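**Q** Going line by line, the protein sequences match chains U and S. Residues in the first sequence are numbered consecutively from 0, following numbering that gives the first Met the number 0. Residues in the second sequence are numbered consecutively from 0, following numbering that gives the first Met the number 0.
No lab work stands behind these hints, which were simulated from the structure alone. Owing to the predicted nature of the structure, the values given are computational and were not obtained by experimental measurement. Just so you know, even glycine gets a beta-carbon here, dropped at the ideal spot from N, CA and C. Just to be clear, a hint being listed does not mean it is correct.
Stated by the list, open to error - For the chain U half of the interface with chain S, some residues (derived, Cβ under 10 angstroms), not all of them:
| id | residue |
| --- | --- |
| 1 | 94 |
| 2 | 108 |
| 3 | 188 |
| 4 | 190 |
Stated by the list, open to error - Beta-carbon label-pair distances, calculated as ranges:
| id | chain 1 | residue 1 | chain 2 | residue 2 | range |
| --- | --- | --- | --- | --- | --- |
| 5 | U | 136 | S | 169 | 39 to 49 angstroms |
| 6 | S | 172 | U | 123 | 22 to 32 angstroms |
| 7 | U | 190 | S | 155 | 21 to 31 angstroms |
| 8 | S | 14 | U | 136 | 23 to 33 angstroms |
| 9 | S | 108 | U | 142 | 35 to 45 angstroms |
| 10 | U | 136 | S | 248 | 22 to 32 angstroms |
| 11 | U | 110 | S | 16 | 51 to 61 angstroms |
| 12 | S | 250 | U | 226 | 36 to 46 angstroms |
| 13 | U | 98 | S | 50 | 27 to 37 angstroms |
| 14 | S | 155 | U | 143 | 10 to 20 angstroms |
| 15 | S | 155 | U | 98 | 50 to 60 angstroms |
| 16 | U | 98 | S | 36 | 54 to 64 angstroms |
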Amino acid sequence: MSSSPPAVLEVASLAKSYPVRGGRTEAVAGVSFDVAPGEFVCLVGPSGCGKTTLLRCLAGLLAPSAGEVRLAGAPVRRPPPQMGFVSQDYSNSMLPWLKVDKNVTFPLRHKGIGARRRAELAAEALRVVGLSEFARHYPWQLSGGMQQRVAIARALAYQPEILLMDEPFASVDAQTRGELEDLLLDVWATYGVTTVFVTHDIDESVYLADRVIVLSRRPSTVARQVTVGLPRPRDQISTKELPEFTRLRTEVMRTIAQVGGGGPASSEHRAPPGSSRVAASP
Amino acid sequence: MVEVAHPGRWPRRSFWLGLVGVLVVLVTLELVARFELLPARWFPPVTVVFGALIELLPTGDLWADVGRTLQGWALGLGLAAGLAVPLGLLIGSVEPAYRACRAVIEFLRPIPSVALIPAAVLLFGIGTGMKVFLVAFAAFWPILFQAVYGVQDVSPGVKETARAYGLGPLARFGRVVLPSTLAYVATGLRISSAIALILAVTAELVVGAAGLGRAIVTAQTAAQVPRMYALIAVTGILGWLLSTGFHAVEARLLHWHPAQRKEVLA
């Protein structure tokens, strides 16, 4: 990575193991990669490969057993203030007693942002995700896709330098998923926020990323990094019919098949119902 | 160990049906008395009881008794809430505390409050202290369990989101755990309010502490039967008013909870 610009996020020999009965189990074993400012990186890997564990270490939610995560040069020991986080479980990440706008401003108060500025940030973020008219609704009055847009708005209003997303679109239907992917790309292009996106969906990773980092089976290591040179702005139809898209998708898929091949993880291949996408894991 | 109680709402459309039900019961009771299906001496017609109630209303005695019963109710319920909410927050948040308290709770909870009356009289005499103790003991449990449940019902996803956005333990407690728990405590208060009234009246009836319960016994002993029934009706009306009030508070505080939600768009 010597030719890259200085990294905003550096992951160095990161390992994470958990105590289990009769010893320890290793989820992540020596993962190293860098993320450049403004870069969109996807992490993909076979089922149970420790993607989420890895992301939780990056977010400062889990302490690594070995190695280090550095954000803008400083070691990450707890959730850093310049980091936004969007999880898969959108409905469980909302405070049900707060309306949509208050959910968006929820993390801002302790950041020391005044009430007026908070309201402005929320209004702007909700406008960007197309939910201005739902500001005074409760999150549970919205569909899953809309709730996930609220989660994205919350991350945006937080004005992060880096956005971590843990399979954020895994539990919405295929159509909504495509819309959310394009929304995310728009937001990313507008704000230039560095994004690390975990997914098990190979198509999604290639469609979104500048670079796809393929993780091996558990305990995960970096099996391969695939640079995606597809032109931007990308489009669900025209980008996906490019021969280069197909080539990259095949490359990622082959790597996953190699690292996951023969093990129990590979026998679980299953595409989500109603989707023609290729899934690295269910 | 956790009891969950979610309230049913009171739909407005059933108001008139409810009124019809009440009228049918009142008319039936009136007829039962008028046709002497029950001895009229011990079971006067509803209209006679109603007359006795009207006579009671302007007297200071009735309102003084209502005040004393409500005082026992309020002090007992307040004491119970003051102890149960912090304890519930503690044992709901701290797993070892939960395990340490569990055996004690499982032992104490099944004791009917009325079984404690003799001990309460020895400890506190026959006055307000005894009444408050009994009320507080009975009202303590539903509030405690609702508080524990409220703490534990905060989804791990919400707590993790709060953590990911840098909220420290204190901020997470104040802005995530506490609002969720207090809404559940409202349900506990409604349940305990009904129990508290029962215990207040019981303490007055059985031990003779001043209040509506003692007034009922006094009327019975003096063979003022319509007055006795009028006082019983007052306890019923009091219970209904308190329950309606707490329902309203609860509906406000818990409107976001799945059990209370009214409309969902998508």
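**Q** Hint by hint, say whether it matches the structure.
**A** We went through each hint and held it up to the structure:
Hint on residue 94 of chain U holds. Least Cβ distance to chain S is approximately 6 angstroms, under the 10 angstroms limit. At its closest, the beta carbon of residue 108 of chain U sits 8 angstroms from a beta carbon of chain S; the interface hint therefore holds under the 10 angstroms criterion. For residue 188 of chain U, the interface hint is violated, since its Cβ never comes within 10 angstroms of a Cβ in chain S; the closest pair sits about 24 angstroms apart. Hint status for residue 190 of chain U: violated, given a least beta-carbon distance of 17 angstroms to chain S, over 10 angstroms.
Restraint check, residue 136 of chain U to residue 169 of chain S: a C-beta distance of roughly 30 angstroms breaks the suggested window 39 to 49 angstroms. Between residue 172 of chain S and residue 123 of chain U the CB atoms are about 30 angstroms apart, so this pair conforms to the stated range of 22 to 32 angstroms. Evaluation of the 21 to 31 angstroms hint for residue 190 of chain U and residue 155 of chain S yields a pass: the beta carbon distance comes to about 29 angstroms. For the pair residue 14 of chain S and residue 136 of chain U, the supplied restraint of 23 to 33 angstroms holds, since their beta-carbon distance comes to about 29 angstroms.
Separated by about 42 angstroms at the C-beta atoms, residue 108 of chain S and residue 142 of chain U satisfy the suggested range of 35 to 45 angstroms. For the hinted restraint 22 to 32 angstroms between residue 136 of chain U and residue 248 of chain S, the CB-CB distance of approximately 24 angstroms keeps it satisfied. Separation of residue 110 of chain U from residue 16 of chain S is about 53 angstroms and conforms to the stated range, judged on CB atoms against 51 to 61 angstroms. In this structure the supplied range 36 to 46 angstroms is violated for residue 250 of chain S paired with residue 226 of chain U, their Cβ-Cβ distance being about 57 angstroms.
Restraint check, residue 98 of chain U to residue 50 of chain S: a C-beta distance of roughly 53 angstroms breaks the suggested window 27 to 37 angstroms. Between residue 155 of chain S and residue 143 of chain U the beta carbon distance is about 19 angstroms. The supplied range of 10 to 20 angstroms therefore holds. At roughly 22 angstroms, the beta carbons of residue 155 of chain S and residue 98 of chain U sit outside the given window of 50 to 60 angstroms. At about 58 angstroms, the CB distance of residue 98 of chain U to residue 36 of chain S agrees with the hint of 54 to 64 angstroms.
Going through the hint list in order, the structure does not satisfy hints 3, 4, 5, 12, 13, 15.
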